[in-house]
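The residues making up each chain are set out below.
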Amino acid sequence: MSAKINNDVVTEKDTLVKISNVKKYFPVKGGILRRPINFVKAVDDVSFTVQKGETLGVVGESGCGKSTLGRVVLNLLPSTSGHIHFKDEEITDKSTRQMRPLRKEMQMIFQDPFSSLNTKMSVRELIEEPLIVQSNFSKEERREKVEHMVEKVGLRIADLVKYPHEFSGGQRQRISIARALILEPSFIVCDEPVSALDMSIQAQVLNLMKDLQEEFNLTYLFISHDLNVVNHMSDRVAVMYLGRIVEIASNESIYEDPLHPYSQILLQSIPTVSEENQDKATLSGELPSPLDPPSGCAFRTRCPFAHDLCKEVRPELREIKEGHYAACHLYNEDNEKAFTKQGEIE
Amino acid sequence: MTKNNEETSVESEAKTSQEIEDEERKTPFQMSFQRFMKNKLAVVGVVVLVLMVLMAVFAPLLTSHDPTKSDLMLVENKPSAEHILGTDGSGRDNFARLLYGSRISLIVGFSAMLFTLFFGIVTGAAAGYYGGKVDAIIMRIADLIYALPFFVLALTIIAIVEEVTIGIFVTIIAITTWPNLSRIIRGSFLTLREQEFILSAQSIGANDFRIIFKHFIPNTMGPIVVNATLMMATMIIIESGMSFIGMGIPQPTPTWGNMISEAQSIRILRDHPEAWLPPGLFILVTVLSINFIGDGLRDAFDPKSGDN
Numbered sequence: 001m002s003a004k005i006n007n008d009v010v011t012e013k014d015t016l017v018k019i020s021n022v023k024k025y026f027p028v029k030g031g032i033l034r035r036p037i038n039f040v041k042a043v044d045d046v047s048f049t050v051q052k053g054e055t056l057g058v059v060g061e062s063g064c065g066k067s068t069l070g071r072v073v074l075n076l077l078p079s080t081s082g083h084i085h086f087k088d089e090e091i092t093d094k095s096t097r098q099m100r101p102l103r104k105e106m107q108m109i110f111q112d113p114f115s116s117l118n119t120k121m122s123v124r125e126l127i128e129e130p131l132i133v134q135s136n137f138s139k140e141e142r143r144e145k146v147e148h149m150v151e152k153v154g155l156r157i158a159d160l161v162k163y164p165h166e167f168s169g170g171q172r173q174r175i176s177i178a179r180a181l182i183l184e185p186s187f188i189v190c191d192e193p194v195s196a197l198d199m200s201i202q203a204q205v206l207n208l209m210k211d212l213q214e215e216f217n218l219t220y221l222f223i224s225h226d227l228n229v230v231n232h233m234s235d236r237v238a239v240m241y242l243g244r245i246v247e248i249a250s251n252e253s254i255y256e257d258p259l260h261p262y263s264q265i266l267l268q269s270i271p272t273v274s275e276e277n278q279d280k281a282t283l284s285g286e287l288p289s290p291l292d293p294p295s296g297c298a299f300r301t302r303c304p305f306a307h308d309l310c311k312e313v314r315p316e317l318r319e320i321k322e323g324h325y326a327a328c329h330l331y332n333e334d335n336e337k338a339f340t341k342q343g344e345i346e
Numbered sequence: 347m348t349k350n351n352e353e354t355s356v357e358s359e360a361k362t363s364q365e366i367e368d369e370e371r372k373t374p375f376q377m378s379f380q381r382f383m384k385n386k387l388a389v390v391g392v393v394v395l396v397l398m399v400l401m402a403v404f405a406p407l408l409t410s411h412d413p414t415k416s417d418l419m420l421v422e423n424k425p426s427a428e429h430i431l432g433t434d435g436s437g438r439d440n441f442a443r444l445l446y447g448s449r450i451s452l453i454v455g456f457s458a459m460l461f462t463l464f465f466g467i468v469t470g471a472a473a474g475y476y477g478g479k480v481d482a483i484i485m486r487i488a489d490l491i492y493a494l495p496f497f498v499l500a501l502t503i504i505a506i507v508e509e510v511t512i513g514i515f516v517t518i519i520a521i522t523t524w525p526n527l528s529r530i531i532r533g534s535f536l537t538l539r540e541q542e543f544i545l546s547a548q549s550i551g552a553n554d555f556r557i558i559f560k561h562f563i564p565n566t567m568g569p570i571v572v573n574a575t576l577m578m579a580t581m582i583i584i585e586s587g588m589s590f591i592g593m594g595i596p597q598p599t600p601t602w603g604n605m606i607s608e609a610q611s612i613r614i615l616r617d618h619p620e621a622w623l624p625p626g627l628f629i630l631v632t633v634l635s636i637n638f639i640g641d642g643l644r645d646a647f648d649p650k651s652g653d654n
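Quick note, the sequences are listed as chains X and W, same order. Counting from 1, one number per residue, gives the positions in the first sequence under the numbering used here. Counting from 347, one number per residue, gives the positions in the second sequence under the numbering used here.
The set of hints was computed from the structure by calculation and includes no laboratory data. Glycine residues also receive a C-beta, built at the ideal position from the N, C-alpha and C atoms. Every clue listed holds true.
Here are the simulated DSSO-like pairs of lysine-lysine, each with C-alpha atoms no more than 27 Å apart in a straight line:
| id | chain 1 | residue 1 | chain 2 | residue 2 |
| --- | --- | --- | --- | --- |
| 1 | X | Lys-145 | X | Lys-120 |
| 2 | X | Lys-210 | X | Lys-145 |
| 3 | X | Lys-104 | X | Lys-23 |
| 4 | X | Lys-145 | X | Lys-87 |
| 5 | W | Lys-560 | X | Lys-145 |
| 6 | X | Lys-210 | X | Lys-152 |
| 7 | X | Lys-120 | W | Lys-384 |
| 8 | X | Lys-139 | W | Lys-560 |
| 9 | X | Lys-52 | X | Lys-210 |
| 10 | X | Lys-152 | X | Lys-104 |
| 11 | X | Lys-23 | X | Lys-311 |
| 12 | X | Lys-23 | X | Lys-94 |
| 13 | X | Lys-87 | X | Lys-52 |
| 14 | X | Lys-139 | X | Lys-152 |
| 15 | W | Lys-479 | X | Lys-29 |
| 16 | X | Lys-52 | X | Lys-152 |
| 17 | W | Lys-479 | X | Lys-23 |
| 18 | W | Lys-560 | X | Lys-94 |
| 19 | X | Lys-94 | X | Lys-52 |
| 20 | X | Lys-94 | W | Lys-479 |
| 21 | X | Lys-120 | W | Lys-560 |
| 22 | X | Lys-321 | X | Lys-311 |
| 23 | X | Lys-120 | X | Lys-139 |
| 24 | X | Lys-29 | X | Lys-94 |
| 25 | X | Lys-87 | X | Lys-104 |
| 26 | X | Lys-104 | W | Lys-560 |
| 27 | X | Lys-94 | X | Lys-104 |
Incomplete in silico selection of chain X near chain W, CB under 10 Å:
| id | residue |
| --- | --- |
| 28 | Leu-102 |
| 29 | Glu-125 |
| 30 | Asp-191 |
Okay, chain X solo, but in the shape it has when bound (with noise of 0.2 Å):
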């Protein structure tokens, strides 16, 4: 149902991204024959599009599923259910073979520079190996591209034969970024690119992004839990709890005015110098485990506003005002009906 309600925002726009009711569970196997007797439903039921060249960022707390969501996005993961489309044609079930092809379209910047670069290929491999993989390229045309791409994010050509241990995590980064942008791609999927990085090289490296995505006209779907990186750099804003979207909207309405109190609670939680602080909203309690979620609302264990409703009806999402969505029986006129609704199916 909320894939419909998207499908409406963007029909005049070039859709580059579709996803529609996507589920990732994961099994929990238990028992002598090792069945699964649980699911871990770290994606579940999230729809949404990306439009060319813009950013739709993703937040959320730790362990709320973006990271698998992005994977699941680029089929990296199987989704357990759902379509993904790209560029008009759906990825979802093509096999790791299948796929192949398409990956020079879409790339992936990964969290953490020390693990995501293998440390016994030099700067030059690495940047070139996609090329290499994915392109007919002549050794002298690979060279002439990597060496112009290792300029393009900021480094020197001399570090071509360096190693990624000579490199701190922000340089790492900047080969991470040359190696993803090299094919040329579409669509690259920012998984909190900088949240192991210093501030202050984090701006850097946003920056850079950020020159990159109108240089080479590129889509990021960009996931972190940082809201102020996420507000730097998005023209959309996805909130994600527990495996679902909460909210969705431009980045101006949904910082100005958020409308899920779950997004609400957490951009009064954003650190600012500021002395007004003291009677800010804090998120109590744990985030709930995504093996056991609480019934209908998912976040009603930790909200301000919860009421009986939200114990029963998973709420919706659903456009509260122009292009902003969100999923919360605060916003919902049919509160009463809805209500009545449940009742009488029990």
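For chain X, the structure is supplied; the task is to place chain W on it using the hints.
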């Protein structure tokens, strides 16, 4: 004049900074090599092993005797100028047999190691990379081989085959020892599989072959090289042990193992130490130096383990 001076000074400065950079810039392999060279014992091991290899290669230059030619007029002679280490029970020159025997021992050790390495890498990589059913099948076969005592298995096979050649002997050792290496490689693969650079390789669309040989194997090189080296020492011991009980390379081919088997006779053990002591010492020294090399390699590849 001053301008010239300045230019040269700038140039030399640039040069030194470049030199410093060159010195600092080392590939991971070079760093490992440097750590290895710091380990004195390991370097001594290399020197000894090189001497052994040279001895094996140049055996014909070091003795004029034929190691397989028996002379029944010269049975169990004491050392003399002609026969430095005397002769054995069939009148063959012990010194020649010692030199030529190193060939067999080293060849058996080395080729059995290579063969096992091949088996171990293929099975370990397949099990660790593909997981699931492939993993289960390979590991159950490995368990099966593990469950059988090595000597019983080896003796059974040797009893079945008509003639034990070096090739057969090496094959027997390889098929009975690969599970060791296979498990080590599988283990490393399972750890590496969780690393993001493997996902990164998948995300650029690299095929399995490339991921295994460009990403997994280079990062498993440490344990592979260390275990291969230590395995070679074990192979030499196995060959000697089998030959000692008469189940190895058959006479008259000289090997260190079947030279010592002469000492099964109490008389020779007591009266002719020159017949069995040198091959025994050679086995000891070779195995010891290979083990030192192995230890050195382990420290070189994994500086965190070990005391220094």
